[in-house]
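Residue-level listing of the chains:
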Amino acid sequence: MGTRCKILIIEPSVIIREGIAAILQQMKDGVELSFADTLEEALKFGQSELFKIVIINPVTLNNSKKNLNNLLTLYNKTNVVGLISNHYDRNLSDNFADNIFVTDRHETITQIISKHFNTTPAATNDIDNTLSEREIDVLKLLASGKSNKEIAEELFISIHTVISHRKNISNKIGVKSTAALVIYAVANGLIDVDSFTE
Amino acid sequence: MGSKQEQVQKTIKMSKLLFSHPQLILVLERFGIKLGVREKTIEEICLENNISPKVFLMVANLNIDSSYHQDLDFSAQEIKQIVNYLMKSHAYYSAEVFPEIIQNIHLMSEFSQKPEMQLVERFFNGYKHEVDQHFDYENHTVFPYILNLIDANAAENYSVIDYREHHDDIQEKLDDVKKLLIEHLPQKADNNLRRKILFALFDLDADLQTHSKIENEILIPQVEQFEKQGLV
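Each protein sequence line maps, in turn, to chains Z and E. Heads up, the first sequence is in this note's numbering, so the first residue is 1 and it goes up one at a time. Heads up, the second sequence is in this note's numbering, so the first residue is 1001 and it goes up one at a time.
Pulled out of the complex, with its shape left as it was, chain Z reads as follows (with noise of 0.2 Å):
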């Protein structure tokens, strides 16, 4: 190429940032970095034809699915590689071409980095998109009208599983409002329509 390897990184996190930053320079194929806090920011770089290799700390996308989809989109000729610095839905970190975990050793950095130099992002990766049975199980609780706290009961699950359970459904089934799962499940037959209440 002779040319730099051009790389956005996005990190709100002014300490990774710069740490990252540090190891990726020390790299002996130049890198060109440029930097954004927030994925605003980062869309203000405008083209993504610029960038070989965007990283991006995975918080930067409010765990939506749409802002991942929009990214993913944008950056369809990029590499774009997570920073994992926290737990995240794995829905979004699956997503990205690599992770960088922010444990992970210098040289580990680097030849994940040096690897994207030169490839191109490998067509979208199909995620098997079934709902497990337990998921079904907190759909049909929740088309039927109960809150996440009648489910954690009735299930005995606790609440936060409920509502992680349900991230995962709204993931999978690809719609995040609640009216639109009933329908889903209505069309699917995992609920009868006198079932469920207005």
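Hints listed in this document are in silico derivations from the structure and should not be mistaken for laboratory results. Errors might be hidden in some of the hints.
Said to hold, decoys possible - Among the chain E residues that face chain Z by a calculated CB cut under 7 Å, a handful are:
id, residue
1, Ile1064
2, His1069
3, Gln1070
4, Glu1116
5, Phe1123
6, Asp1176
Quick reminder that beta carbons are idealized off the backbone N, C-alpha and C, glycines included.
Following the hints, put chain E in place on chain Z, whose structure we already have.
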């Protein structure tokens, strides 16, 4: 390198622009520009219609390429033109787009006799209601505030920052309807209705995206700047 889309320049002919990007016919309409543009350039047409070419190009470029970025240096008069444009868009959605979609969804629901389709109808009506409220708020609170700020130079007990917080994502439910109709709801013989609905939803979605980009990336920050530094 080269960017995906060439930016539109004010020196090209308006007709050339419209032939390459016919969706901009709608933009012209909202700016009160009549068709029959002859051989005139974008700049000439804009000036004849008292529209700032800069404002027109911003809207046109954002319509064509959603990643288009524009620096914030709009004058108060230009912001008024933008507000006017947004109000015209609201009227278009309320008077033309929504009634048609709602009518078709109603027909589809009647035709299919399926409970899920009746739910889709109820869902979309609920969505329409939310959008109406959102437009009402903009038409009756935000836009008058901005126009008053510009005309009377009077800041009130309100700021567009409040607006930003009020500005929730009205596109999420639209995505949900599209997803349901394309992926999850088996189709019987309602094909031409469903196709019409989907085409209308995709058009609406694209238009609303540009619409919120103008609000979020141009209008709010520029007015915020006026609030802080006075008018330009």
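Hints, verified against the model:
no. : hint    : result
1   : Ile1064 : violated, 13 Å
2   : His1069 : holds, 5 Å
3   : Gln1070 : violated, 10 Å
4   : Glu1116 : holds, 4 Å
5   : Phe1123 : holds, 5 Å
6   : Asp1176 : holds, 4 Å
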